[in-house]
Amino acid sequence: MADTVTAEDPITGEEIEVPADVEVGEIIDSPVTGAELEVISVDPVELEEAPELEEDWGE
Amino acid sequence: MNVGICYSRIRRDEKLLLSELRDRGHEIEKIDVRKQTFSLSEPPEAFADVDVLVDRCLATSRSLYTTRFAEAYGIPIVNSAETAAICANKVRNSLALERAGVPTPATDVAFTKESAMDIVERFGYPCVLKPVIGSWGRLMAKLDSESAAEAIFEHKETLGHYEHKVFYIQEFVDKPGRDIRVVALDGEPVGAMVRKSDHWLTNAAKGAETEEFELDDEARELVAEASAAVGGGLLGVDLMETGEPQGSQSSGQDARESGYTVHEVNHNVEFKALNEAADVDVPAAVVDWLEDTVAGVES
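Sequences listed follow chains A and B, in order. For what it's worth, UniProt numbering labels the leading residue of the first sequence as 1, then goes sequentially. For what it's worth, UniProt numbering labels the leading residue of the second sequence as 1, then goes sequentially.
These are calculated hints, taken from the structure and not from any lab test. Incorrect hints may have been included.
As the list claims (entries may be wrong) - FRET-style restraints, in silico, Cβ to Cβ:
(1) Asp-21/A with Arg-34/B: 14 to 24 Å
(2) Phe-111/B with Asp-3/A: 32 to 42 Å
(3) Lys-206/B with Asp-21/A: 24 to 34 Å
Stated by the list, open to error - Looking from chain B toward chain A, a few residues come up when the C-beta cut is under 8 Å (computed):
(4) Tyr-7
(5) Arg-9
(6) Lys-15
(7) Leu-16
(8) Gln-36
(9) Leu-58
(10) Ala-59
(11) Ser-61
(12) Ser-135
(13) Trp-136
(14) Met-140
(15) Asp-144
(16) Ser-147
(17) Glu-270
Unchecked claim - Every beta carbon over 10 Å from chain B, so not counted as near; a handful from chain A, in silico:
(18) Ala-2
(19) Asp-3
(20) Ser-30
Beta carbons: idealized from backbone N, C-alpha and C, even for Gly.
Make the full structure from the sequences, and use the hints.
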């Protein structure tokens, strides 16, 4: 299993595991709620709710 | 080299690119465009030391303005603002392909639902209504009947943003349950895959299965021409197989016989699916190309 670190889920306040190699700006799915969370800092990893999908997103 | 990655979300694609750049020892400036301000004359501080900017903005609107500002400051950016502007808008995309003589599905545009119905009646059912700006197969409608067409046009006219009142209607291409995505660098294919689905939409984002595809000479030629038509760069060229040479698939005067039709060129191409489906290293090819691009700028 890949290395993980813990971070606080911004929605539930629970400690969750996230991959250790996350990047600022990356999106992860909360294992608690399934919500998309954005990595806003690393070392330590801080998360916030990711922005909602916008109509002009894509390729 | 110092590469500025303009982003608002780090997808798997950007992560692959970042990893390749780091492995080769390049400096990276990760530039979250949401945190930048753009003056008319002075670039943001984050742009100061970069040799090249790579536009990886997930939001088309941000991509369009970021590329414009970068060029105004004289900072090299891939893809170019013009390529982004053409690819971001399906009308401009289709016009560019048509002008370049690239086979592309017959497409007409109207501004009212009455005129849109005239197009649909001319094309016959089914035909396809696409949003002028949009991606991942969203808001695409296959118009199977007059009543469905009328209802969709009315909804778009009543509920939509003004861009939804531009009705972009395309003939339905009866493709063989798959389309082809080619990732290309200035018209040279890096790799290709088919996207297969039982659904009429075969976008990877819609869950289509992917599989490596071997391009023939004709497809390679069309990719090069489609790339040139929109100004080149790191692009995703989408083709459908028409089953037989069908010059009539193109709406132009100079329609030529082709077994393919090019329906779209994407300027902010996602390549993770191709990287997994095909025996190619897309990020390595992209970084090779960036190194050449920067060397070209500096010489």
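Hint by hint, here is what the structure shows:
| no. | hint | verdict |
| --- | --- | --- |
| 1 | Asp-21/A with Arg-34/B: 14 to 24 Å | holds, 23 Å |
| 2 | Phe-111/B with Asp-3/A: 32 to 42 Å | violated, 55 Å |
| 3 | Lys-206/B with Asp-21/A: 24 to 34 Å | holds, 29 Å |
| 4 | Tyr-7 | holds, 6 Å |
| 5 | Arg-9 | holds, 6 Å |
| 6 | Lys-15 | holds, 6 Å |
| 7 | Leu-16 | violated, 11 Å |
| 8 | Gln-36 | violated, 13 Å |
| 9 | Leu-58 | holds, 5 Å |
| 10 | Ala-59 | holds, 5 Å |
| 11 | Ser-61 | holds, 5 Å |
| 12 | Ser-135 | holds, 2 Å |
| 13 | Trp-136 | holds, 5 Å |
| 14 | Met-140 | violated, 12 Å |
| 15 | Asp-144 | violated, 25 Å |
| 16 | Ser-147 | violated, 26 Å |
| 17 | Glu-270 | holds, 5 Å |
| 18 | Ala-2 | holds, 13 Å |
| 19 | Asp-3 | holds, 15 Å |
| 20 | Ser-30 | holds, 16 Å |
Checked against the numbered hints above, the structure breaks hints 2, 7, 8, 14, 15 and 16 and satisfies the rest.
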